[in-house]
Amino acid sequence: MNDADKKRLLREMIFFRRFEDRTFEAYMERKIGGFLHLYSGQEAVATGVLEKARTGHGTDNDYVITGYRDHIHAIKTGAPAREVMAELYGKETGSSRGRGGSMHIFDPTVNFMGGYALVGQPFPLAAGLAMGCKHKGTDQIAICFLGDGANNQGTFHETMNMAKVWNLPVLFVCENNQYAIGTRIERTTAVVDQYKRVCAYDMEASQHDGMDIDIVMEAAEKAIDFVRSGKGPYFIEFMTYRFRGHSMSDSKGYRTKEEEAEWEKRDPIKIYSQRLIEQGIITPEDIKAMEREIDDEIENDIVKFAEESPEPRVEDLDKYVLDDNPDPRWIGPLQK
Amino acid sequence: MAETAYWEAIRRAHDEEMANDPMVIAMGEDIGVAGGTYKATLGLYDKYGPERVIDTPISENSYTGIGIGASMVGMRPIIEIMSINFALLALDTLINAAAKIRYMSGGRVQCPIVMRTPGGTAHQLAAQHSARLARMFMSTSGLRVVTPRGPLDAYGMLKSAVRCNDPVIVIEHEQMYNLKEDIPEEEFFRPLEGAEVVREGTDITLIGYNYSVHLCLEAARRLEADGISAEVIDLRALKPLDRETIRKSVEKTHRVLVAEEDEAPVGVGSEIIATVNEECFYALDAQPVRIHAADVPVPYNARLEKAAIPSADDVYEGALKVMGKI
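These protein sequence lines are chains F and Z, in that order.
Numbered according to numbering that gives the first Met the number 0, the first sequence spans residues 0 to 335.
Numbered according to numbering that gives the first Met the number 0, the second sequence spans residues 0 to 325.
No lab work stands behind these hints: they were computed from the structure.
The beta carbon of each residue, even a glycine, is placed where N, CA and C say it ideally should be.
A portion of the hints provided could be inaccurate.
As the list claims (entries may be wrong) - In silico negatives: residues of chain Z with every beta carbon more than 12 Å from chain F:
(1) A1
(2) T36
(3) M81
(4) A125
(5) R220
(6) E270
(7) V295
(8) A307
Said to hold, decoys possible - Cβ pair distances, simulated, as ranges:
(9) K195(F) - F187(Z): 52 to 62 Å
(10) A126(Z) - G153(F): 14 to 24 Å
(11) K230(F) - P21(Z): 17 to 27 Å
(12) D14(Z) - E28(F): 53 to 63 Å
(13) S248(F) - N276(Z): 35 to 45 Å
Given the sequences, and given the hints that come with them, work out the whole structure.
Structure (structure tokens):
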């Protein structure tokens, strides 16, 4: 990876942090409704894994699917940040035309197959995407990002079993931030190291530091190569931490200040900034300038686009329930 | 024309659709090597192989979810759920995902799956194998629900369901798999929308769907002997519902009965009578009647089971009540 790519990756992570910070402000201004789950602190995982996945090839991309903390996964997969912000604003120009909101970002033009609010539901959907790739004989893979909490759903066990039995090209990325909403993992989960749980299905698995993007990329590259080469599914666990609450309604009363401070020392953006400064690739002044440029882009392009976009028309309320242009040969009406 | 059993009609539809489109696959418990609990996929494992006729583990929610995921990238899975009771396990992926993905993606992603499953009560299978649940799917936005009453629709609607771009639930019935009917030997399709007047009459409209159409037809024959001309409507599709055919018939007969095998509260019959009220209340000459199952879990004991489930006798007596004869 050359210096320009390293600078780009740092810029992406800073952009992702600032993007989420800006959505926080818009939420406080009541311009964004519903639930809002922010990714701050976990940036190295999605950025690092998807850096090594196939993106930038439109519908030839790898397929990506995740839970409700989905803004950053969508953008890194290739969904335009403007459209993601417009979706949060509920606008017709949004990724899901204002029908999905924060938890349901979709962009099939880049194979981002959605964010889902039912914890653990993306496991089987991801295995299905992988089954489609395998059936069509492409070398695409499916990548499923979910948190540690999702692994206590039945879908986890059912899907790990079938993914292995059918040798599906799917990478399960466990972002272990150690809390299922407000409940610490030890209090609900018999086996705390999540990667160990898939040994019950004889699946390849590993656990890594999720705060250091270089470690994430190295591990992800190996796992993706494994899956793409036809060797079957892989479960990769990254230890990480979310710096904000589970959602906007979360007071974080279940975590100690000391614990939060310890993890904040391992902020993925700080770690990577320092490394690039030490390597002489970037200066602190460059980073300041980068931040100003990002803030300008977010404010004057992305937020502006969202604010100025039209809302969906009430007349279109029942569009998209079923196929709006069905073939009468299959649908009818019945000839009397 | 060829005399064809209901299960053979379903099998033929699978075979033709799999031959027509390599993206069509079948998934379910025991459907491959074992040939299917209802023989709906008999012989297809040998013909199309294990990658297209997929024997799943007993994991209804996740294999349905896998079918949904595959459908999002262009595949056309036909998912068999061995009993509609087991479909309850798959409601998360079916209702929270398949039924909502088109909408919550702003029309950008679709889930063209077919879920086939037998509902209904048969052979003393007791409470956990006798559910109907049509009403539950009928009340879910984003699904199509069809209820073929015989081999013609079982074949023609399944073929349409495979080609349709929406998630379609096909509700079959344990009692109907061996029902025979002459159907054309050349390929045909039956639409997924539209009720059908299966017997014309002038005095009362009997409305059924799935197995209860047969109860209505039997009752109509007996009513005819009493000099009462009953019209029988097969709803065919519960969602979307064909309100027009119901209205036209009731405006003609001025009397209506709905027969369903499900329990009554918040059931298909409730919806049909609400539809009659909204569409043609002033055409009614008598209070509508619902014939339905008793509001109990289905019992094992044969005598109790019979008492819990509506029969042609019940429909006949219900019709006499609407006619003011009892």
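Quick rundown of the hints versus the structure:
At roughly 22 Å from the closest C-beta of chain F, the C-beta of A1(Z) stays outside 12 Å, upholding its exclusion from the interface. For T36(Z), the shortest C-beta to C-beta distance to chain F comes to about 20 Å, beyond the 12 Å cut-off, and the non-interface label holds. Chain F leaves M81(Z) outside its interface by the beta-carbon criterion, the shortest separation being 16 Å against a cut-off of 12 Å. Even its closest Cβ contact with chain F, about 25 Å, leaves A125(Z) beyond 12 Å, as expected for a residue assigned away from the interface.
With 12 Å as the threshold on Cβ separation, the claim that R220(Z) sits away from chain F holds: the shortest Cβ distance comes to roughly 23 Å. For E270(Z), the condition that its CB be more than 12 Å from all CB atoms of chain F holds, with the nearest at approximately 17 Å. Here V295(Z) stays apart from chain F, with its beta-carbon at least about 29 Å from theirs, past the 12 Å limit. Residue placement check: A307(Z) keeps its beta carbon more than 12 Å from all beta carbons of chain F (closest about 31 Å).
Judged by the Cβ atoms, the range 52 to 62 Å given for K195(F) and F187(Z) holds: they are separated by roughly 55 Å. Roughly 23 Å separates the CB atoms of A126(Z) and G153(F), a value that falls within the hinted 14 to 24 Å. Between K230(F) and P21(Z) the beta carbons are some 25 Å apart, a value that agrees with the proposed interval 17 to 27 Å. At about 59 Å, the beta-carbon gap between D14(Z) and E28(F) stays in the expected band of 53 to 63 Å.
About 42 Å separates the C-beta atoms of S248(F) and N276(Z), a value consistent with the hinted range of 35 to 45 Å.
Hint check: no violations occur; every hint is consistent with the structure.
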